[in-house]
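Asks: Sequence:
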Amino acid sequence: MTTRTQIPAEVNNFYSRTLLMRAVPLFLHTRFGQVRDIPQNSGTSVIKFRRYGNLTASTTALTEGVTPAGSAMSVTDITATVAQYGDFVTFTDVVSYESADPVLTEFAEVLGDQAGDTLDQLARNVLVAGTTVTYVGQVAQNAITTSNLITATEVRKMVRTLKNNKAKRLTRMVSASTGVGTEPISASYIAICSPNTTYDLQDETGWVPVEKYSSSMTVLEGEVGKINDVRFIETPNAKVFTGAGATSNDVHATIIMGAEAYGISRISGASLKNIVKPLGTGGSEDPLDQRGTTGWKATFVAKILNDNYMGRIEHAVSA
0 MTTRTQIPAE VNNFYSRTLL MRAVPLFLHT RFGQVRDIPQ NSGTSVIKFR
50 RYGNLTASTT ALTEGVTPAG SAMSVTDITA TVAQYGDFVT FTDVVSYESA
100 DPVLTEFAEV LGDQAGDTLD QLARNVLVAG TTVTYVGQVA QNAITTSNLI
150 TATEVRKMVR TLKNNKAKRL TRMVSASTGV GTEPISASYI AICSPNTTYD
200 LQDETGWVPV EKYSSSMTVL EGEVGKINDV RFIETPNAKV FTGAGATSND
250 VHATIIMGAE AYGISRISGA SLKNIVKPLG TGGSEDPLDQ RGTTGWKATF
300 VAKILNDNYM GRIEHAVSA
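According to numbering that gives the first Met the number 0, the sequence shown is numbered sequentially starting from 0.
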């Protein structure tokens, strides 16, 4: 016999899957970082990323029979605190029985988009605060004019900087379909840009659109083209500094990154969940079973791990 105790759990699982399917594709800014989750019940919400420094080249010849002094390892610890984020919507019994739409499914889809958008912007705002930055044709953000457009040359200059900083190419990314685990990609640097930026780069010498890639190269979700070994991922969530330019023009930020530039962390098992409170579960606060809620809650933090491995080009875009 099927009772009301079984049905809500099954329905809630269905809504959770809907929310996750909608949310995960929007996690573009989190897709290329290290993922280090904190186990539940570990007594902390603080994650520690550890980076070991490179040793300098040992160019002094050994003296016969003499043990050299040796080198000491350098360690940099970077900590970040995971926080909770979330939102919900309330629906009434009238909406549930008058609407021709499956309202909870629709709500889960909208909330999934909101959750993905929220976490993506949280990560983006961390990444655009990096210290490796160039201003096209200028020395400061507030000096950028409407004519200071991004070019292939500016992209190559930033890649030169990253290479001189010993930034390695990315070879793996967080799974675009599940948001957990990693999947291999062709060794490359990744650029995250706005559609306006793509518009300006498409006429640049050296730009290769995805439709001209070799058949052996897998196209990433959102990928629009490449310049040399930089693959461009397009998103309307790319950072725009509204009115920050010389004539109150918008300034766009194009992020170019290598491997191990940043990390993200969640609480294991609580990274993102859908929470449904059906009609009739409000107790004395809802004595006539008139209200239900559906919402999402997530734990998340993003942190730059090495500013030398990620750069930002700030520029104007064509009108």
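Errors might be hidden in some of the hints.
[Claimed, not checked] Result set (DSSO-like, lysine-lysine): computed pairs, CA atoms no more than 30 angstroms apart in a straight line:
(1) LYS47 x LYS162
(2) LYS162 x LYS272
(3) LYS272 x LYS211
(4) LYS272 x LYS302
(5) LYS272 x LYS165
(6) LYS156 x LYS302
(7) LYS211 x LYS156
(8) LYS156 x LYS167
(9) LYS156 x LYS296
(10) LYS211 x LYS47
(11) LYS302 x LYS167
Bear in mind the hints are in silico, worked out from the structure with no lab data behind them.
Asks: In ascending order, which of the hints set out earlier in this document are inconsistent with the structure?
Replies: 2, 3, 5, 9 and 10
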